[in-house]
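K.L.:
With the hints as extra help, turn the sequences into a complete structure.
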Amino acid sequence: MADIDVVADGIRVRLAREESDVLRGVLDELRAVLRGEIDRSDAVIGRLFPDAYDSTDEADSYRELTTDSLTRDKLEALEAVRDALGPRGPVDTVVEPEPAEAWLRVLTDLRLAIGTRMDVDEDAMSRQLDPSDPNAPALSIIHWLGWITEQVVAALRATDGT
Amino acid sequence: MTTTAPERVDLPGTGERDEPDRPWLVVVHNDPINLMSYVTWVFQKLFGYPHSKAHKLMLDVHHKGRAIVSSGPREKAEHDCYRLHAHGLWATLTKD
Numbered sequence: 403m404a405d406i407d408v409v410a411d412g413i414r415v416r417l418a419r420e421e422s423d424v425l426r427g428v429l430d431e432l433r434a435v436l437r438g439e440i441d442r443s444d445a446v447i448g449r450l451f452p453d454a455y456d457s458t459d460e461a462d463s464y465r466e467l468t469t470d471s472l473t474r475d476k477l478e479a480l481e482a483v484r485d486a487l488g489p490r491g492p493v494d495t496v497v498e499p500e501p502a503e504a505w506l507r508v509l510t511d512l513r514l515a516i517g518t519r520m521d522v523d524e525d526a527m528s529r530q531l532d533p534s535d536p537n538a539p540a541l542s543i544i545h546w547l548g549w550i551t552e553q554v555v556a557a558l559r560a561t562d563g564t
Numbered sequence: 006m007t008t009t010a011p012e013r014v015d016l017p018g019t020g021e022r023d024e025p026d027r028p029w030l031v032v033v034h035n036d037p038i039n040l041m042s043y044v045t046w047v048f049q050k051l052f053g054y055p056h057s058k059a060h061k062l063m064l065d066v067h068h069k070g071r072a073i074v075s076s077g078p079r080e081k082a083e084h085d086c087y088r089l090h091a092h093g094l095w096a097t098l099t100k101d
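Protein sequence lines correspond, in order, to chains A and B. The first sequence begins at 403 in our numbering and counts up by one. The second sequence begins at 6 in our numbering and counts up by one.
For the record, the hints were derived by calculation from the structure and aren't laboratory data. Small disclaimer: the values here were computed from a predicted structure and weren't measured. Take the hints with a grain of salt, since some may be wrong.
Not close to chain B: a few residues of chain A, all C-beta gaps over 10 Å, as computed [said to hold, decoys possible]:
hint, residue
1, S422
2, G438
3, Q530
Taking lysine to aspartate or glutamate and the EDC-like style, the derived pairs with C-alpha atoms no more than 20 Å apart in a straight line are [to be verified]:
hint, chain 1, residue 1, chain 2, residue 2
4, B, K81, A, E466
5, B, K50, A, E500
6, B, K50, A, E503
7, B, K50, A, D562
8, B, K50, A, E498
9, B, K50, B, E83
Using C-beta positions, here's what the derived DEER-type ranges look like [as the list claims (entries may be wrong)]:
hint, chain 1, residue 1, chain 2, residue 2, range
10, A, L477, B, H84, 19 to 25 Å
11, A, G448, B, T99, 34 to 40 Å
12, A, R474, B, R27, 30 to 36 Å
13, B, D101, A, M403, 44 to 50 Å
14, B, E80, A, R442, 21 to 27 Å
15, B, P55, A, G438, 38 to 44 Å
16, A, M403, B, S57, 29 to 35 Å
17, A, E439, B, H34, 23 to 29 Å
18, A, W546, B, D101, 37 to 43 Å
We put the CB at the ideal spot given by N, CA and C, even for glycine.
P.N.:
What follows is the structure, given as C-alpha cells:
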C-alpha cells in the first residue's frame, strides 16, 4: 500500500511497483483525453470543464475564454506528477508542498474522470466493493486514489498548520 | 451544525433584481466523487477561510446540494469559478 509521510522538506510518497504502474496508466489515459479534441458530448469533459452559467450563451463565452488555459493548467499539473513517478518501477520521492497541491488537483481529476466514465453515484461510492461487479476494479482505483488524496491533504495540513 | 443559509451575504432586496452592482454568486454543487476533506481544504486554500467556515460550507454542499462559497463583481466571481474548476469542484455562477 502507498505510504505518504511528512518529512523535513515536504511529503514523501512511496508507491509499490504495481501501484506506480496503475497510476502511470490512468495518468496517461487522462493525458490523452486532455490532449485530444475537446468533445463536449463526452461526460468526462463535461465534468472536468463544467458549464459556468445556466445560460447557453454565457456558458459558451466563458468556455471560449477559459478552456485553453484550464486545459493547460490541468496538463501542466499532470505532467509534473508523471515526471515525479519516473518512467517505470516503484516510486519513492519527496514532493514539496506546492507541487503537492498539484498532486491533489491531478488525483481529483483522475477520480472524476474514472468515476464519471462509470457514472457513479453516492450509493456506488459508499457501498462495499462487490468483486462480481464489473466496475469493481475501477471503483477500487478511485478509492485508492482517494486514500492517497486524504493522506496528502493531511500531510499538507501538518506542514502548513491548517 | 447548519442552522442558517450559507454565506448569503449582501444580497439586495428581492425588488432590486436588476440592480447592476448586485454581486455574482459562486455556487459549488454536490458531486458523488470529491472527498469532503479535499473540498474543505480547497475552500481554505482558495478563499483563505478558516477551517470551521470551510468545513461548514463543505457540509452545506454535501447536505443541501449546493452552497454559495464566494461572491463579488463578475470578474472576481469568474476567477473564483475558474480556480474551483481547476481544483475539480463543480462550480457555477448566478445572480439568483
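K.L.:
Under the constraints set out in the numbered hints, which ones does this structure not fulfil?
P.N.:
11
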